[in-house]
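**Q** Residue numbers (the working numbering), protein chains in the order written: chain A, 1 to 191; chain B, 1 to 191.
Among the hints, a few may not be true.
Same chains, same names: a pair is fine if it fits in one copy or spans any two.
Taking lysine-lysine and the BS3-like style, the derived pairs with C-alpha atoms no more than 25 angstroms apart in a straight line are [said to hold, decoys possible]:
id : residue 1 : residue 2
1  : LYS61     : LYS42
2  : LYS8      : LYS64
3  : LYS2      : LYS64
4  : LYS42     : LYS8
5  : LYS27     : LYS61
6  : LYS151    : LYS42
7  : LYS8      : LYS151
FYI, nobody ran anything at the bench for these hints, they're computed from the structure.
Number of protein chains: 2
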Amino acid sequence: MKRSLGRKTLIQPAPVWVIATYDEQGKPNAMAASWAGICCSKPPAVCVSLREATYTYHAIKARKAFTVNLPSCDHAVAADFLGIASGRDIDKLAVAGLTPVRAEQVDAPLIEEFPLNLECALVHEHTIGLHTLFVGEILDVKADEGILNDKGRPAIDLLRPFVYAVAEGVYRSIGETLGSAFDIGNALTRE
Amino acid sequence: MKRSLGRKTLIQPAPVWVIATYDEQGKPNAMAASWAGICCSKPPAVCVSLREATYTYHAIKARKAFTVNLPSCDHAVAADFLGIASGRDIDKLAVAGLTPVRAEQVDAPLIEEFPLNLECALVHEHTIGLHTLFVGEILDVKADEGILNDKGRPAIDLLRPFVYAVAEGVYRSIGETLGSAFDIGNALTRE
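If we strip away everything but chain A, and leave its shape as in the complex, we get:
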């Protein structure tokens, strides 16, 4: 028997990505976001939903660009801080000891200390309700050499991303491997 829980965003898990921007005056800022994901393969694109109340919302509108920066487990405290404080009040990156570096392809900063960075050009926005969904086309991915596997791709066990457990309000690391995608399901038709 299923229990009805009502109209709630109770689905697990959500990513923890850090969105970095320049504001209208050129000040770098960053915030943690979990209402986000990949949303297209060709062109490669991500979406992130932000409230108008955030400083980042207005910076993306002004600059038509943002970066997605992936914190590793070692950066959980810094990423959480970037989700608590507002860039209106303080220089969050300075307080967190993080270094903004101008992106090559878009008008936004990368966070140097985070191992994976996506340079995104704003290509679409849609106000859903309290949140506005921004779609960014990925114009480049930058990665620390140390997180790349032998195929030159960012390995999840070197990257060590973490997720946001929505119902509990905690961060969780990534666990063991269950199997290969587009592979283990073939067992059902081989039987």
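Following the hints, position chain B against chain A.
**A** This is chain B only, laid out in the frame that chain A set:
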């Protein structure tokens, strides 16, 4: 030194959600999707991006509704199968031994065996490129009693969702707790 990896969807991790629909003739179908996430708090909404080539794309267009069904680690093989085969060719739910049950709030089926189910009404769609992003307003969440914690919320360690490691093409479980969100970051300003 950062290495440039080009225009790719190389960001980790992505959720594994199963999208269930009725087609125009009323046949239930389901597919696994990872280009998906929560996209609004008020109204509560999720987004999922699908290629026009999928059977589910046309079912969502026809019925203006879908459900998001969360497979646990125990359902990894079934979920993978739902991402390989097409509902055009076979009755995927029957092959996977899964039971479609009509949702209460929307014109779509829930998957009975999966522990968490979101009933979503299509409120927006936007073609980005190869993928079209569908936004669904969550009209109800249904959960198995056995996954609820003492606050009546779906506990991640009972739910046992898994993620898709994009660069490796494997499924991974959820790991250990790193800390509380909107909390551990306060250490940076208390110092």
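**Q** Are any of the numbered hints broken by this structure? If so, which, sorted upward?
**A** The structure breaks none of the hints.
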